[in-house]
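I would like the entire structure built from these sequences, with the hints used as guidance.
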Amino acid sequence: MQTSFLSSEALTGVVERVTFYNEENGYTVVKITPEKRIPDAEARDGTVAVVGVMPELGAGETVRFTGYWIDDAKYGRQFRAETCTPIVPTTEAGIIAYLSSGIVSGIGPRTAERIVDHRAALRCPCIKKEDTMHRFNRRSVMKTALAAGISAVAMGSAFAEDYKWPAYFKVVTPIVGSANHSLAVAWTAEFTAQTGGRVAVLPAPNGYARAEWLNTGEGDVALVQANEYFDQMEAIEGYLTPEGGPTDTRVAMMNLITPWGYMVRGDGDIKSFMDVKKGTRISLTKSSTFLTGGMEALLDYRGLSVDDMSVVEVGNYGANTKIVTEGRADVTFTSPLSGTSYEAEASPGGIAWLPLPKKEDDPEAFARYRKKAVGYVPTVTESGTKSSVGVYMDHAFQTNHVRAEADPEFVYQLVKWLDEHYDDFKDDFQHAHMMSINSLKKFLDAGALQPLHDGTIRYLKEKGIWTDAYQTRQDALVKLATDRVALWQEAMAEGKAKGMQISPEDANFRALWEQKKKDAGFDQTYGQIVMSMQ
1 MQTSFLSSEA LTGVVERVTF YNEENGYTVV KITPEKRIPD AEARDGTVAV
51 VGVMPELGAG ETVRFTGYWI DDAKYGRQFR AETCTPIVPT TEAGIIAYLS
101 SGIVSGIGPR TAERIVDHRA ALRCPCIKKE DTMHRFNRRS VMKTALAAGI
151 SAVAMGSAFA EDYKWPAYFK VVTPIVGSAN HSLAVAWTAE FTAQTGGRVA
201 VLPAPNGYAR AEWLNTGEGD VALVQANEYF DQMEAIEGYL TPEGGPTDTR
251 VAMMNLITPW GYMVRGDGDI KSFMDVKKGT RISLTKSSTF LTGGMEALLD
301 YRGLSVDDMS VVEVGNYGAN TKIVTEGRAD VTFTSPLSGT SYEAEASPGG
351 IAWLPLPKKE DDPEAFARYR KKAVGYVPTV TESGTKSSVG VYMDHAFQTN
401 HVRAEADPEF VYQLVKWLDE HYDDFKDDFQ HAHMMSINSL KKFLDAGALQ
451 PLHDGTIRYL KEKGIWTDAY QTRQDALVKL ATDRVALWQE AMAEGKAKGM
501 QISPEDANFR ALWEQKKKDA GFDQTYGQIV MSMQ
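Numbering of the sequence shown is given in the working numbering, commencing with residue 1 and proceeding in unit increments.
The hints are simulated quantities; they were obtained by calculation from the structure and are not laboratory data.
Take the hints with a grain of salt, since some may be wrong.
[Said to hold, decoys possible] Calculated lysine-lysine pairs in the DSS-like style (CA-CA distance at most 30 angstroms, straight line):
| hint | residue 1 | residue 2 |
| --- | --- | --- |
| 1 | Lys371 | Lys359 |
| 2 | Lys359 | Lys277 |
| 3 | Lys416 | Lys442 |
[Stated by the list, open to error] With beta-carbon atoms standing in for the labels, derived distance ranges:
| hint | residue 1 | residue 2 | range |
| --- | --- | --- | --- |
| 4 | Ile70 | Gly268 | 18 to 24 angstroms |
| 5 | Pro363 | Asp248 | 33 to 39 angstroms |
| 6 | Ser503 | Tyr75 | 39 to 45 angstroms |
| 7 | Ala200 | Asp162 | 24 to 30 angstroms |
| 8 | Glu382 | Met274 | 21 to 27 angstroms |
Glycine included, each C-beta is placed from N, C-alpha and C at the ideal position.
Below, the structure is given as structure tokens:
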């Protein structure tokens, strides 16, 4: 097995100009003045080129990127961004300078002062006199500047009706450029504009971090996919930690019904599963059991192992896609909904997707594949890159989780708001229409893979959607989850008492945890137990 690794680093600077922006997928080329000089990458004017899928940026913004350097044959040294975080000013003077810099068309210094004064007069939590102010939301400001000159926030308070929203809550997503991150930005911006409530969208580097941030309270709502939930409840690899292990979290709302599959170069020789052979260059993202498991499922179908392949290890989801179009790998496991896939499709040579073989084509090979690729529903792809539409792939229900103890009234009101204001955000991102009660019902009809939160169930009952069959499955899923969490707490307490580290690096604790599950009668993985429920 041959292995290479792409490391990630940070780059901070001020945007001087946007030389290219694709509205459909967010692919952007910007020139920035870096915080520190980078002589081998600077143009004559001292700027550095940054490329990748990003939120819409403007001249004058200070931005922190993470990613890696590439040497383009035509354009020279560039920074390939995997995440992009605008660093918005937090003082009155800073915000006024920011708004009047041209970042918002038509706003000069005097209008910027009026906007800040107006929001401060309304006691908006993101406008304060002190340096301890929270992050300022650009889209919220733009909407503030529209109706009646400046007052969308004043209008938004009317939508809150009798419920008092929390002043602030946090939504955890995958990285910038992923479909789930783009969707979160779309609906939270609309939510802020209409209610005045502040929402921070926090892109996490991998599934381990998303689980930890939700478990520890760093996030209030987090994106979870079924097989990630199964891995967490099984406490494997990076989930085998006190912060990331089995925890009772519940589905609050649906996010996307996402196709997942195997992307290759459009002009390459690999056209089907059967073309993947010993020595094929595969992408492996060891920071994600989900992405790693997806690639291993393909190898299992072919009767191969990781040791048979030429492996390219990458650090996160963005790099996992890009290395194929950059010629570093032949095949990767990813989603055609993601901005990174749209970017890849626009590259020279384009991309293609390997059709998932039907079960009847080779039942034994498919059984090996399905043992690893748990929690999917195979169907023809209807949404995503043009190259993926019509291709038979696995699809996953991606949901937003909250902690089981989350305020039921908050969850109820949030689900209600998302349903009642669906038309207000469904066109703000090309796949936002999937974030619907109809998609949640599809999840329930297919056989829910995670339990729902009580606040969500209350709203579904009001809508006349909740059934006795749903409740029966809900009760079984809750019992399975709470029993697993109790067993995990017991194992951690015993491990600590014996001087063990609650870590995947501690072989003794790993053995203790496996024995605990065996003694409790668990002879299948958590995912297998859920999938076997009738």
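Here's how the hints hold up against the structure:
Between Lys371 and Lys359 the alpha-carbon distance is near 13 angstroms, which keeps this suggested pair within the 30 angstroms criterion. A threshold of 30 angstroms between alpha carbons decides the hint, and for Lys359 with Lys277 the separation of about 20 angstroms falls inside it, so the pair holds. Between Lys416 and Lys442, the direct Cα distance comes to roughly 18 angstroms. Compliance with the 30 angstroms bound is thereby established for this hinted pair. Checking the proposed 18 to 24 angstroms range against Ile70 and Gly268 shows it holds: the Cβ atoms sit about 20 angstroms from each other.
For the pair Pro363 and Asp248, the beta carbons lie near 37 angstroms from each other, so the given range of 33 to 39 angstroms is met. A beta carbon spacing of about 44 angstroms between Ser503 and Tyr75 agrees with the range 39 to 45 angstroms that was offered as a hint. The beta-carbon spacing between Ala200 and Asp162, approximately 25 angstroms, falls within the hinted interval of 24 to 30 angstroms. In this structure the supplied range 21 to 27 angstroms holds for Glu382 paired with Met274, their Cβ-Cβ distance being about 26 angstroms.
The structure fails none of the hints (numbered hints given earlier).
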